[in-house]
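Q: Listed below, chain by chain, are the residues.
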Amino acid sequence: NAGVTQTPKFRVLKTGQSMTLLCAQDMNHEYMYWYRQDPGMGLRLIHYSVGEGTTAKGEVPDGYNVSRLKKQNFLLGLESAAPSQTSVYFCASSLTLGPPRIFGPGTRLTVL
Amino acid sequence: SQKIEQNSEALNIQEGKTATLTCNYTNYSPAYLQWYRQDPGRGPVFLLLIRENEKEKRKERLKVTFDTTLKQSLFHITASQPADSATYLCALNKAAGNKLTFGGGTRVLVKP
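Chains A and B supply the protein sequences, listed in that same order.
Mind the numbering: the first sequence is residues 741 to 852 in the working numbering, read in order.
Mind the numbering: the second sequence is residues 33 to 144 in the working numbering, read in order.
With the rest of the complex left out, here is chain B:
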């Protein structure tokens, strides 16, 4: 069955450093991969979408890579700030479909 794995352990990082999160998937051939941010008690917020033919995408301090050979996406937050503390979710879907499959999320805590 399709499986998406994100590190369930929280990532503690010092302010100013780069946070790197991993999203691995199996038994899946996604065409799109998305990253969302979720704060406690709130709904997810869409951050970035990367297509299978794109290796890398950037948005301000965020960078996402998508390696379809390794079946993995990396999500980087550069120059991290305490305000970046949240849970980050990855989600995948197939071409022309809008049924997303979500990972369980990784909590990031940026310490000042």
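Next comes chain A alone, as it looks inside the complex:
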């Protein structure tokens, strides 16, 4: 039982490049979330999913897309990276409706 894993752990992009962050959970959780965390600010919800095949916008969805083709995976895509997307990205999951219970270790993304 690995919990929530995130790939990659670190990444440096140039402005305009694209990439996909992968989140995987092996706990059969229905709900999955993507957050970003910036210095001095609280975690902010980007997108979330309430089950396989569903996605919904969070607080700061612009510039990001997500997909949940399989229940255990939640992908976060950046089509054209911008320096403002430099951040630490956390994925989280929960079994039931409510606060995210299990967070992944994070992906540190730098956009130059």
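Be a bit skeptical, because a hint or two may be false.
[As the list claims (entries may be wrong)] Simulated pairs of lysine-lysine, BS3-like, Cα-Cα distance not exceeding 27 Å: (1) K131/B with K103/B; (2) K797/A with K131/B; (3) K131/B with K811/A; (4) K95/B with K143/B; (5) K131/B with K91/B; (6) K89/B with K103/B; (7) K91/B with K126/B; (8) K87/B with K143/B; (9) K103/B with K126/B; (10) K126/B with K49/B; (11) K126/B with K811/A; (12) K126/B with K35/B; (13) K131/B with K143/B; (14) K131/B with K87/B; (15) K131/B with K749/A; (16) K89/B with K810/A; (17) K126/B with K797/A; (18) K143/B with K49/B; (19) K143/B with K797/A; (20) K91/B with K143/B; (21) K811/A with K749/A.
In case anyone wonders, no lab produced these hints; they're calculated from the structure.
With the hints as your guide, set chain B onto chain A.
A: Same frame as chain A, but now just chain B:
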């Protein structure tokens, strides 16, 4: 707009003493309030959830209070230990919703 405030200054405390953290909110009527712990370079770890109709909740050495009149939650760590050193985040959400709004966190440093 909704605002959650946590003391951004680090709390330095002697081992064995009680650490008390504050979470204040404005323009918000949360039904649930959560506290998380976050260690450097790691994802948040869920600690406690308290509902709006609960005044106090305890878990081992942790105690949380929720005062909807004062719009404030207090988080206490009793008999603090150096291993309690971390950043503590509060987060709020409305009933039946899972979109959390996080505070910026307060760093706690317990000195032996």
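Q: Of all the hints numbered above, which does this structure not satisfy? Sort the numbers upward.
A: Numbers 8, 10, 13, 16, 19 - these are the hints that the structure violates, sorted from lowest upward.
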